[in-house]
Each structure stands twice: as structure tokens, then as C-alpha cells.
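Student: Residue numbers (our numbering), protein chains in the order written: chain Z, 1143 to 1801; chain S, -6 to 367.
Incorrect hints may appear among the rest.
Using 16 Å as the maximum straight-line C-alpha spacing, the simulated EDC-like pairs for lysine to aspartate or glutamate come out as follows [what the hints assert, rightly or not]: (1) Z/K1792 x Z/E1587; (2) Z/K1622 x Z/D1577; (3) S/K242 x Z/D1196; (4) Z/K1373 x Z/E1202; (5) Z/K1640 x Z/D1668; (6) Z/K1511 x Z/D1196; (7) Z/K1776 x Z/E1403; (8) Z/K1560 x Z/E1546; (9) Z/K1197 x S/D14; (10) Z/K1497 x Z/D1727; (11) Z/K1263 x Z/E1322; (12) Z/K1373 x S/D14; (13) S/K246 x Z/D1196; (14) S/K246 x Z/E1322; (15) Z/K1646 x Z/E1630.
Computed list of chain S residues with no C-beta within reach of chain Z, every gap over 12 Å [to be verified]: (16) L40; (17) L252; (18) E253.
Worth flagging that the hints you see were computed from the coordinates, not collected in a lab. Computed from a predicted structure; not experimentally measured. All C-beta atoms in this analysis are idealised placements derived from N, C-alpha and C, irrespective of residue type, glycine included.
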Amino acid sequence: MIGSGEDSGFKKSNTINRRMFIFAAAKAVVFLGIVGRLFSLQINENKKYLTLSDKNRLREARLPPIRGEFVDYFGNRIAKNLTVYQLHVVPEQVEDFKTLIVRLKDILNLSDSHLQELIKKKNKQKPWETLIVSENLTWDEFSKINFYLHELSGARPVLTVGRNYPYNDTYTHVLGYVSEASVEDLVSNETIKERNVPGLRVGKIGLEKALEKELIGTNGVQRFEVNAYGKRINQIDFKEGEQGKTIKLTIDTEIQKYTQELLDNRAGSISIMDIYTGEIIAMNSSPSFDPNLFLYGIEKNKWKEITKDPLKPLLNKTVSGLYSPGSTIKPLVALSALENDVITTNLKVNCRGHKHPLELYGMKYHCWKKQGHGYMSLQNAIKQSCDTYFYEAARLLGVDRLNETAKKFGLGNVVLGKYFNEKKGVVPSTKWKKDAIGQNWYLGETLINGIGQGYIQTTPLQLCLMTAQLANGGHKIYPKIIYENNQENVETIKQKMKLAEENKLEDSNLLSATEKLFKKDEKTYDALYRNKENVKFVLDAMFRSTNEIYGTSFSSRIEDPKYQFAGKTGTAQVKRITEAERELDLKTNQIPYKERDHAWYIAFGPYKNPRYAVSILVEHGGSGSSTAAPLAKKLFKFVIDRHELREKIKKKNIVSADI
Amino acid sequence: MFIQSSLSDKSTFFQKLRSLDYIMLLTILIIGIISSFAMYSTDGGELRYHSESHIIRFVVFFTMMIFISFINIKTWHTLGYLFYIIVLGLLIWASLFGITAQGSQRWINLYFINLQPSELMKIAIIICFAKYYHRIQIVHVNRIRNIIIPILILIIPISLVISQPDLGTSILIALSGIIVLWLAGVNIKYFFYSSLVFIISAPFVISFLKPYQKLRILTFFDPDKDPLGAGYQIIQSKIAVGSGGLTGKGFLKGTQGYLEFLPEKHTDFIFTLFSEEFGFIGSIILLILYAILIFRILRIGSLSRNFFGKFFCFGFGSAIFVYIAVNMSMVLGLLPIVGSPLPIMSYGGSSMLATMIGLGIVMSTKIYSRQLIS
């Protein structure tokens, strides 16, 4: 056994060793393979896997950007931010949505209908989109949620920013309102898309919308580490967002509030403008609504109430409402006629009342005054608002020349430009009618145009600008609603106006052209007139209209020179008056609301050293003298009383700006 | 020769102590220490359940290994079949009365330890085959009888383990056995034909697999197909290893590990965790340690005068290699995910016990290398 065993054992040993060697070689190869794999993963592709590992563990939460605030001229906050506690759920990250929602219902006492709505909303959106369970939690509810958070996997209590308008409906038509960003908002505005977070509120209308880019602010970024189950482990990095710009308006809240009080929920508009700086002191469209209602989405019936209101609270009447200017156009017609030398101030026209109206090609043109004004001079015609005179003046002037003057003084164009959905209105001309309607101009249309009826359509703010540009002596100004730090002071503006006037006198257009080249950025307050005396004449006539007996707004005058103002009434017909109606001569309250005249009043004051221009409209308010002018009386008192305060703060502003 | 053998028989305790393989012991100790640190890291940097019991087990079983070293290799040879039969009995016991966890019935509750007999079978099969081929002369190895009996010895435990079900361990048992068959000189053509049969029958075998096993094999080929489901483990493991880079993220700083992205990080994926924290350099050091260990085992085998020791050492050394290779290839995305622990490193008492028994026998082979077994 041993002998053969020796031999066979040797052979066996050989076989084992040989096979072991082959196997060991294979092992070496495999080991090398593993080393190679390690090398490729850890050295070659390290970057890729490092990124993947960071992607695994790091989550970024974009915090809602903090919206810039609005302040009024005196620095009072008129739109501010609120801390809002919300509860968000991302359905995709929830194991069992039903259980979670039922648990939340218990904790928050949600109503069944709210629950139904949530489920409906959840089914409508993508599973990874955030579902806002509760928009506005109280602090108690919020802390309760945080307390139970461990058993509410998938629920996310969120601190977000809401908007608050402390003056409620006072500024609605100026500021607009914010509401949750819609798909259209995201599509139309890149900035919103870029900074969007669930529940972000963006401007929907007004300055909130127009200034979105400046207001929105930048997102804060919170980076934190999560584990494999998505649970936050710790915060790694926090970058605070930058609040959007604070925007200062030229509006005085007290006056703005007062205009609202004056309008007293009637449909209408009041605007007040500084005749030199162009600053809008107040701008109100009535009725208004509470923009705070939109913060969490307005209730259906409330929305219905607003949209169905016949007084149209959604319409910003000051800039988007179009109305016939009525007699308020007369100062401009007079000026245009004087400027074009078609009449002199001495022209007299006989107004003979309804029995003997002006007739032209078989059409009759009545003055508003049944018994007629008798022989009227231009001054008296403005003062007493004689229609017959202005039929004649318009006839002599022609529509195209009136168009030119009206456009110069700011009609037929937007006033503030980009901020609002402004209407241009219509200042007709023969060419306009050809282009827009495709018909020739009739002379009769010129006549009614002369008393601000017919095709002509203006917004209240346009009339305010027109009044301001007349009141400052006939110079171009630059209306603004956003406060400018580098606003020139009134003295400078007056000097510049004087310069513009002198340039006009010297007729040295060449000189001013070269001057303009050098001072390109500087605003010029060009003279809009040919002869300054004409403007003075018109302003004087407006003064008489308010402050002399027989003037149309005589009953609304203030005798104290500090507050004394000059204005022009307007009563704009909303429909053609038939002969029968004329015979009836109904009182305003006997006519159906929709058919009553619009009451207008434009004015400027204080007369001796004018500073503010006002335009007042009361829709279907009846006559301008009885409805609109009395508002101006109160308004001027209020505005002029606040004048000093305004000037004081202006000085302070300039000083602080210098520092 | 006789004199030499009688010498080794009568060598004193100190001589035996001196003839221990200290390089091997040191290597095992270092790997053990590394594994304790890795386990400490899986516990999130605290000495908690896993790390504590792992360290205790390592200390206990390491001591046990030293004791085993002094048992004469002859005893192991004598008890070879008995050991196999006992483990086989335990396997049957496990499949009848075992504890079920994670859908697999593979543990026996022994009160102080939950024993997983399939792990012991990895060793038992090598001992059994070493004894079987110790006697058989090389010319008789390829007799039909000598082919069929080992195949039966191999197939019985494998089918038991597969039915638990535990695909990973059954594959490792099969590989352990096949290695010894290969070393014993079984004709290459048998290996060739059987692997051919295996490849052809693989689709049919796969169709018999449990759905989760099927999924694992399928996702191996395309892990990105279902990144949150079955491919998750492979992807996360690759991310962890890859993000480790050259020097690693640092001890206790492996984000994939401590943020729970790694599945089974203290058992099968312990290498991933280690590699994430210690990087390419750390991984290579660990690989070198394992290579030294395997090299020492094979060297002891080649110095052994008896075939039992030779077979066992070669078989066990190669098996250790296979375990390591399978585990690492698996976590590096080179093989499908099948449960296979990394020797010494992975958490698990039975695996540690089996490894330490094996290492003890290797050490005993060293001490009694001159022992002849008739």
C-alpha cells in the first residue's frame, strides 16, 4: 500500500498542485478584474457618482420670494406682506393619501365639502404637484400640525408670504391685487416662471401686475440633507432671498381715502394731479372692492356679486373708462379756435333757446338751456357753457384743427403708459373716421364734437392731464404715479417752462434743437400753445365760470383765495335726446339710471398760484354743476390743506436723497 | 518519515504554539478590526446592536479558531462525514422547524444564536469532499461511482438550501464543492459538459425561480430599468462606491450609508459602505489583506503532507476567494444580487462561525502539517 501509495500519492499531489495553479491564475485574473472595476468606479467615474450621491442626499427647497411693498407719498405702507401658515401635501410622497387626509381632517376640523374639493383637486393635478390643503392656518393649527408631524408623513407645514392691503378697497384700482399664479401668468412672465413656488402669489392687475418684475424678489434657497425615506436630516445651507423693491407712489393716502368718501360708492372717478410735476395725488375709481378677498382665492358668490354689479367695480374707470367729455372740452375748443385765429375773443353768437335752435342741413342743434343764453361772448360762453356758441366755434374751427389741439393737450393717448390697461379714447378727425368707420366726415359731427359729444371719447385721467396742462400755462408735463427720487422741484420746472416760453417767443427752434441735443435726458416742458394770451384767456374764463354769478359752478365756489379754484362743468349725454324728451324736460331722478347724463367737473386751484388739477366724473350723476362740482369744492379744501405737509415731506425726501 | 511524524505527534504545546501561522492570524485580526469599524459606521457612529454583537462574535469565534487549531487534523478527518451529516440534519431541521424571516426559512433558533445551517454547509461540504478524495487514488477519481457519489453529496444540501429559498448560499455551496471536485482531478470534460447543460437549462431553471429571484437576475442586466424597485440596490451601491473616490468620504462620513440609501449595509453590502468611506485606497488595502489570507491558506495547503489537509486548504482557500469575488462583484454591479456575505466583514454569526471553523482547520493543518493520515 505504501509503495504504490507513494507513487500514486505523488501523481495525485501533482494533479492537485497543477489544478490549484490553474485556479490560482484564474483568481489573480478575477482579483485584477475587481481592482479594475473599483478603479473605473472610484477614479474614472468618481465625479459622476459623487454628483449622483449628492443628488440622492441633497434637496433644495425654494422659499417663496418676498414681495416688495408699496408705500404712499408719506411712506405709509399700503401693500405689505403677511406671514401665512399653510399646509402642503405632495400626493406622490404620501403612502396613503386617504388616511392622511382623514387624519388631517381630524386635526384641523376640515369640513366635508372642503375634503371633497381637495380630493377633486388632487385628482385633477399631477401627483408630483403640491396640493395646498389649507391656505391659511392659524398659529394654533400650525403648531398642532407640527406636533403631529411624525404621523403625518407627506404633509408639509409651510411658512409662506401673503399680501395684505391695510387700506382695503382704497387702493384697489391703483395697486390691483395678487392671487395665486395661474398657468397664464407662468407662460407670459419669465420671471414668475423662474421664481415660482407652490402657492406663489403674483399681481393680477394694476401696479401689482405691471411692476411684477421689480416687486417679486428672489427666492431664498434652503439646502438640506434627506435620508432614503425623504426625511430631512439637517440643513446644510440657507441662502436668504432678496425682497422685491419697495415702490413709493406719489399718492397721498388721506386724499385717496377722501376721494373715495366723496364718490360714496357711486360709479365714478376722481383724479388729482400736480400741474407741474405731473404727480398723481389721488386716483380713484368707484365703486371699489376689497383686494384682500383675492389672497386665498375669492369665494364664488362674492366674485359673482362683484362681476354682476351694474356699477362695474372691476373697471378702473379713471384710465379704462371711456366717456364723452361733454362741456369740459369747451375750454379746449375755445383755445383751439383762438390759436388757429378762426375766432377772436370778441366774436358774439346769439343763443335763442329751444324754439330757435341752430339749424344746419335740416338738422337742429339745441343748447342745453331751454330759454337760450342770448348774445354770448366767448368768455361768457365758457362761463355759462353755451352750446350754441361752441357749435359755431367748432363749425369755424373744423374737426381736424380741434383734433390737433386736443392731442397736444393729452387727449387720445394713454397718460401713464405701461402701468394700467389704459384706453386711448377717441379724438376724431376726418382721417380717423375714414380709417375707423370708412365714412366721410359730416359737418354736423363737427358741431356736436364742439360740445364734447359724438365720437369723442376720453378717460377721466386724460381730462385731468388736459386741465393740468392748461392750468400750468399750457406746458407739457409728465404724469407719474411712481415717486421719482430725482424729481425736479417746482421752481426748476417753472423756470424751464419760462425758458420754453422764451424759446417760443424767439422762435428759435434751431437753438432749442441744439440745446436738446446736449441735454438729451433732461425733460423739457414744451409750450403747447402758439400764443400764451390765449391760454390765459381760457383760464380766466374758467375762473369766471366758478367764481362769478351765472357761472355754471358758481354755487360750488370758495371765496377764500387760499382755496379758490377755477373749473368747468360738463354734462355728457349718454344717448341722443329726442324731441319728445326735450319737451318733457325731466328731472334727473325721473330718468332711468342708465340713461342719466354723466356729471363731469374739471378744475384747477388755487387760482392765484395753481398747483393741482382735478377731474371728477360721476357716472349717470345728472348735471356736472349739481353733482360733480360740489365734490370739487370739498376736495380742493382738503387737498390744499394737505399741501404744506406734502411740500415738507418733499424737502425731507430731497435732503435724504442727497445724503 | 516515521520519525518526523512521531515528532509532530509528540511536539510540545509551545512548539505547536510556535508553529501557528502568525501572518495569517494577524491578517484575520486586522480584517476583524476593520470589520468592527465598518459595523460601527453602519450603526451610525454608535456602539449599538450590530457593532456590539459583531465584535463579541469576532472575539468569541476568533478564540474558538485558536482552540480548533490545536485539534489534530486527524480528528477532523475522522469526523468529516459525521460533520457533514450533522449539518445536513440541521438543514433538514431548519426546513422543517426553522425560523422564517424575509420570506426565507433558513434559521434554527439555538437560543444563544440563530444558526443558519446553510452557512455551515459551505464548510461541511469541503471537509466531506476532502475526506472523500483523501483516500481515492488518482486513477480511480473518474470512475462513474466516484463521480455519482460526490454529486449526490453535493445535490442533497443544495436542493435543501434552494427550497428555503436561498439562491445565493446554494450557489456558494455548489461552488465550494465543485472547487474540490476540480482539485481532485475530475476530468475536465465533465465540467465542460455539465456547464453546457447548465447554460442550456438555465432558462428553464430561471422559470422555476421565485419572482423576486427572477427580478434580481433580470435587473442585473438593466438596473436603470426600475431604479426605485429591484435595480435600486445595484444603483445605490454603485453610487456609494463610485462617490468614495480615491480616498473615500472619511470614516462615519459615508452619506449613502448613514442616510440609509444603502440596502443591507451591514451584511451583503458592507464592502460598499467600507469602500464609500475609505475609497479606492481602502478597498485595495482590504483586497490585499484578503489576498494575503488566501495566499497563506493555499501555502499551508501546499506544505501539508496529508491529502486531507491539502484538499481542505486548497478547497477552503479557493472557496474564500469565491465568496469574496462573488460578494464584491455583486456590490460593484458585475454580478446579479444574490445573498452572499463577505467573509469576516459581513454581519452574521453563522457565516463568521463557518469561516472561523474553516480557518481553525487550516491552522490545524499547519500545526500538524507533518501528520500522516492513513
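Student: For a quick check of understanding: which of the numbered hints are violated here, in increasing order?
Tutor: The structure breaks hints 1, 2, 6, 8, 9, 12, 14, 15, 17 and 18; every other hint is satisfied.
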